[in-house]
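Same order as they appear, the protein sequences are chains A and B. Start counting the first sequence at 8; every next residue gets the next number (my numbering). Start counting the second sequence at 17; every next residue gets the next number (my numbering).
Source of the hints: derived by calculation from the structure; they are not laboratory data. It is possible that part of the hints are untrue.
[To be verified] Among chain B residues calculated to face chain A with C-beta under 8 Å, some are:
1. Lys199
2. Leu202
3. Ser204
4. Pro205
5. Glu215
6. Asn216
7. Arg219
8. Phe222
9. Leu319
Keep in mind the model is a prediction, meaning the values are calculated, not measured. Just so it is clear, CB atoms sit at the ideal spot from N, CA and C, and this is done for glycine as well.
Below are the chains, spelled out letter by letter.
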Amino acid sequence: MSGGAAAAAMVAGAAAGAAGAAVAGAAADAGRRDLLRLDGVCRHFGRLQAVQDVSFGMREGELRAVIGPNGAGKTTFFNLITGFVAPTAGDIWFDGANIGDESVVRRVRRGIVRTFQITEIFPDLTVYENTRVAVETAARLNGRAWLARARRREVAERVDELLVTVALADKAHRLVGELAHGDQRVVEIALALAMNPRLLLLDEPTAGMGDRETEHMVELVRRLHAEHGLSILFIEHDMGIVFGIAQRIMVLDQGRFLAEGTPGEISADEKVRAAYLGEAA
Amino acid sequence: MSAARRSLRVAGSAVFWLALLTLPLWLTHVGGYTALGTKILVYGIAALALNLLLGFTGGLSFGHAAWFGLGAYGAGMTLKYLAPSTPLAILVGTVVGGVAATLLGPLVMRRRGIYFAMITIAIGQLFYFIAVRWNNVTGGEDGLAGFERAPLHIGPWVYDIHHDAKYYYVVLACFAVAVVIMKLLLASPLGHTWVAIRENRRRLQFLGVRIDLYIWAAFAISGTLTALAGTLNALLFNFTSPQDLHWILSGNFVIMIVLGGMRKFWGPLIGVAIFVVAQDYLSSVTDNWMTAIGLLFVLIVLLFPKGLLGMLGRRGKEAA
Chain A
8 MSGGAAAAAM VAGAAAGAAG AAVAGAAADA GRRDLLRLDG VCRHFGRLQA VQDVSFGMRE
68 GELRAVIGPN GAGKTTFFNL ITGFVAPTAG DIWFDGANIG DESVVRRVRR GIVRTFQITE
128 IFPDLTVYEN TRVAVETAAR LNGRAWLARA RRREVAERVD ELLVTVALAD KAHRLVGELA
188 HGDQRVVEIA LALAMNPRLL LLDEPTAGMG DRETEHMVEL VRRLHAEHGL SILFIEHDMG
248 IVFGIAQRIM VLDQGRFLAE GTPGEISADE KVRAAYLGEA A
Chain B
17 MSAARRSLRV AGSAVFWLAL LTLPLWLTHV GGYTALGTKI LVYGIAALAL NLLLGFTGGL
77 SFGHAAWFGL GAYGAGMTLK YLAPSTPLAI LVGTVVGGVA ATLLGPLVMR RRGIYFAMIT
137 IAIGQLFYFI AVRWNNVTGG EDGLAGFERA PLHIGPWVYD IHHDAKYYYV VLACFAVAVV
197 IMKLLLASPL GHTWVAIREN RRRLQFLGVR IDLYIWAAFA ISGTLTALAG TLNALLFNFT
257 SPQDLHWILS GNFVIMIVLG GMRKFWGPLI GVAIFVVAQD YLSSVTDNWM TAIGLLFVLI
317 VLLFPKGLLG MLGRRGKEAA
């Protein structure tokens, strides 16, 4: 029996127990209780098994980290959830609906929004203009050649609100391409937040950042979770951050689901220590 | 934007429009003639319109002469075969060019970079060869002549636009309308979407935007306004020829835009003014005037990669 299946059984059991009505192994049922649920999801590229038989559930309002050595399949795992690649087998459930076949756009509209490992922004526009495009997209206004004054004000207020949330209001009129790397990553988060996410996926939010920038980003992620109640799933290499803020951690290794649990459980897990933490230490 | 900057901007545009309004009065005193000013505005509409696509959406069209020429032939044929009405000629030409651009837009909207450019060239040349071969209707190589802009009837009032200065004001009015339309579009969510496509289309796609539809919209609107310029050009010379459909004209539009600066709204107009004046002056001196234009182009691209107007000020600094 694979580690993935064992972990899946454990998660399903926990979810069923919490709900008080146990129908063990009923995927659709568990899907309804979890915000996000994967059942036996696989993805291979040719003969390379990037993700193998991963199953897990994530509750609404969770702050969860995904860790694993390089090549563990973390980014493929994100691509599966967001629809950038389709699973070769298995089901993906979001808020009770099977979304495994849906396009990226459909999933964004459902509230599954991600940021990228490599910064993806609109460099020659200001912070304000970057955020405004996302706000207008979320409101499905892209095709509008004219906006009434009241509607324009709504857009402007939403942009201002987002810039306050991510603490970039003082840099609103700077060109994004001229900002420090750390601020550019924060702009990306503002773009994602503009889409009104129900599940925010952050792919290495602190990659390439200095200490101060990292601190700001960690603080932002923590605040989005604590104050805005966002469900957040993030990939991160810095174990200090992972064990510092994540409520739950899942570990991937060579495409397989290795373990899942609270930071305490993960740091005590022998398999994890062998496969990952030992190697890092 | 600070109050001082804003008032500077208002003053600047007041001077600009005042200069255009009084152009027939002063242009002759600085060595020009009114029809030259008219030509700058006509090409200005076309270049500003092409720049919606090139500078703001990021689509390099080398076929915009197609819409310019279709507008010109549409207007000329309306006057020649249909009715002696200037407004009708402008309307028909603009609609013909606009509809053609809208219908052919889907052929290019999913292409990028060089492929986008190649397909637009092909589309442009298609219309060029139709105009050359369809002799008995278009006049073939000799071009379409035998029509004349008709006086405007506004109520009981007749405005005889036969006179160059009077026709100038018709063109200026069309120019103003086109500018207002383009400014409003660029300030709208549609315009914001275009600029975002130019900046990072992948990112916009990931936000859930169907990029191709908005490129199509840019292509169609840009083509329609270019067709408007084409109608005005045919009426200016009471003549049009296959050269108005040729890819060389498409290329010239692109050169004008790059000369002036494609990231600025008014950049293309500066480029048009330089190009048209240089052409007018140099072509009276030498047949090889394009050599001089080419040299100028190389110099400007080397010295001011963002175009002449692009050098004047960088944005995004005022609030820093």
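Results of checking the hints against the structure:
1. Lys199: violated, 12 Å
2. Leu202: violated, 10 Å
3. Ser204: holds, 5 Å
4. Pro205: Interface hint status for proline 205(B): holds (4 Å vs cutoff 8 Å).
5. Glu215: Interface hint status for glutamate 215(B): holds (4 Å vs cutoff 8 Å).
6. Asn216: Result: holds, 5 Å to nearest chain A Cβ.
7. Arg219: holds, 4 Å
8. Phe222: holds, 6 Å
9. Leu319: Because about 21 Å separates leucine 319(B) from the closest Cβ in chain A, which is outside the 8 Å limit, the hint is violated.
Checked against the numbered hints given earlier, this structure breaks hints 1, 2, 9; the rest are met.
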